[in-house]
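Colleague: Start from the sequences, fold in the hints, and give me the full structure.
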Amino acid sequence: MKCGFCGYEFDETTAQGCASCPLHNTCSKVRCPNCGFDIPKENRLFGWFRRRRNMAGKGEMKSKAPCPGKPGKEEGHQGAATAAALSRLNNGEEAVISEIDTGDQGTLNKIMALGILPGERVTMIQRYPTFVFQVGNTRVTADENLVNSILIHKQ
Amino acid sequence: MSGSGSPERFALRYDETIEKSLESIEKLLKARYTFSKRMIALLLLQQDEEIMKMVKLREREFPRIFAVIQNTRSQYKDPLRYVITLQTHQKSKEILAGVVKDSDKKKRLHSVLDRLTIQPLTGIPILLLVLYFGLYKFVGQFGAGTLVDLIEGKLFEAYINPWVNQVVGNLIPWPALQTLLAFDYGVVTLGLRYAVAIILPIVGTFFLAFSLLEDSGYLPRLALLVDRLFKKIGLSGRAVIPMALGFGCDTMATLVSRTLETNRERVIATLLLALAIPCSAQLGVVLGLLSAKPLALAIWSGFIILLFLLVGYLAAKLMPGKKPSFYMELPPLRMPKLSNILEKTLSRMQWYFIEIVPFFILASVLIWAGKITGAFDAVIQATTPLMGALGLPSKAAEIFLFGFFRRDYGAAGLYDLQKSGVLTGVQMLVAAVTLTIFVPCIAQFAIMVKERGWKTALAIACFIFPFAFFCGYILNQALALLGLTF
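First to last, the sequence lines map onto chains R and G.
Using this note's numbering, you'd call the opening residue of the first sequence number 1 and step up by one each time.
Using this note's numbering, you'd call the opening residue of the second sequence number 1001 and step up by one each time.
It is possible that some hints are incorrect.
[What the hints assert, rightly or not] DSBU-like cross-link-like pairs, simulated, lysine-lysine; straight-line CA separation at most 35 angstroms: (1) R:Lys154 to G:Lys1093; (2) R:Lys29 to G:Lys1293; (3) G:Lys1232 to R:Lys154; (4) G:Lys1101 to R:Lys110; (5) R:Lys110 to G:Lys1455; (6) G:Lys1077 to G:Lys1093.
Everything labelled a hint here was simulated from the structure, so no lab data went into it.
Modeller: Next comes the structure, spelled out in structure tokens:
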């Protein structure tokens, strides 16, 4: 969504600016990550769904950042500056996988076992209730945790 | 075996660093292996645990090998497994590009159906339709109703049982032996009748429906639809497969729960299978008995679903461990092949039949021994107050005792009890709920011990045993308080 104050566009499912506030679970406002302005959510029902989805991805905030480039080590990938988590891809959109987050060995092995590797084209088919996407000739369904470890760059 | 003779142009070369360390590891490997040293070296670099252990045992120079691995690892920022997989993948893509051409994908009718089954808005109604026709209509009404009536009522009650009773009565002079083989609790008239006439048609129709779903590729879709819900109870969508199979036979499902990823998931799945998933015999009998009373059926299913979610939620809160992750390949929907379905159904039925018949006969013999020695009546006497607390007649203790031997045996007993007309609607509902929750049968318990170990299995059983009666008691009180009758 778009911030009504500064015009900054952001994904409200990842806007966690006030996660430390004890009221934030039932709070009906979203805080813009750019200017900190509180925007009311448009609909309680949609808001409920959004909160559900927020909760599901909470553990993976690190990899949700738009560019999780490894600090301290230079990265040779061409599109590293525009890399985003696969969960950012909208339905029907296509992108190329640029990198797999190699932080967690277990998750990495699962992703590789499914044939999801850098250079493959990926098409998002469905985002809710569970992500469904196509990589090569394989269709894969996975949860937020896994999808956030796959980094893409859009064309 | 080393130095394989693959054609030079397909030989897979990795980058220089990896090739160098492969070479030095190969030189350090002295023992004999069943496959090439290069392969062993590659697996060592990728930190394959089994190979690591094996090499550690066989090589005296293991510390030097390990040093090479560590040195190589430090030169990459990503895990070596990732680096190596990437290079293999690159090569395979090069080979593929030379021989395969992608054609434009055609849109077919079933791709529409494909989409409909994975979107919650259409997928959940489709799921309910599948449950209604597959489970309720086919297994509940056709299997547990029509088929059981036919085999049980028309065949056993009318011909086989009277005939067996007569033959045994005429040929065997000792009453003790007579009752072992025939009459109320005989091996043939009770054990075999339950197995063949009541359980087999229900289980058979369930396995047929399950194989059909399995072959059509529907199950992964089901998994993705319920993943979000299952995460709440500490499971991933993947667990839907053992859970669905549990509606056929919980024993088989407990065995299948080993496919789940973490131990935490396996324990929760085992608990829920033992507690809240009725097996097809129970389900069929309960659906058959309660189908005439829609409100009772609704209360039964509501109660069980609530219990499933509540206990799962609490178990997920209490159990330590990592949260489950969900990923699955999603195959396209396919038209199932009849021969495959029949073969799967038959082999499952065979497994099941071989599994249960000895238990049924054993249970018959034990009950017979209990009758002769009076132990059986003593147990029923002892449980009468318990039955009283549930508002059930003391004869109902029998079905719980049966249920302890086999889940389905108890269900079959419930069917018999209802036919004799001693139960009121409320009593039937309470009995059905308690029996559904009540013990994992001996076979399931044995598998629980085998798969999860003594401690977990005992803990689960010790929780379920009193809990089932507690639930029955609460339900009975609640029904009485609300003044509901059916």
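Colleague: Compare the structure with each hint and give your call.
Modeller: Comparing the hints with the structure gives:
1. At roughly 21 angstroms between alpha-carbon atoms, R:Lys154 and G:Lys1093 fall within 35 angstroms of each other, so this suggested pair holds.
2. At roughly 48 angstroms between alpha-carbon atoms, R:Lys29 and G:Lys1293 are farther apart than 35 angstroms, so this suggested pair is violated.
3. A distance of roughly 33 angstroms separates the Cα atoms of G:Lys1232 and R:Lys154; the hinted pair therefore holds under the 35 angstroms criterion.
4. A threshold of 35 angstroms between alpha carbons decides the hint, and for G:Lys1101 with R:Lys110 the separation of about 28 angstroms falls inside it, so the pair holds.
5. Proposed proximity of R:Lys110 and G:Lys1455 is supported: the alpha carbons are some 31 angstroms apart, at most 35 angstroms.
6. Distance restraint check for G:Lys1077 and G:Lys1093: the Cα-Cα separation of roughly 24 angstroms lies within the 35 angstroms cut-off, and the hinted pair is therefore satisfied.
In this structure, only the earlier hint numbered 2 is contradicted, and the remaining ones agree with it.
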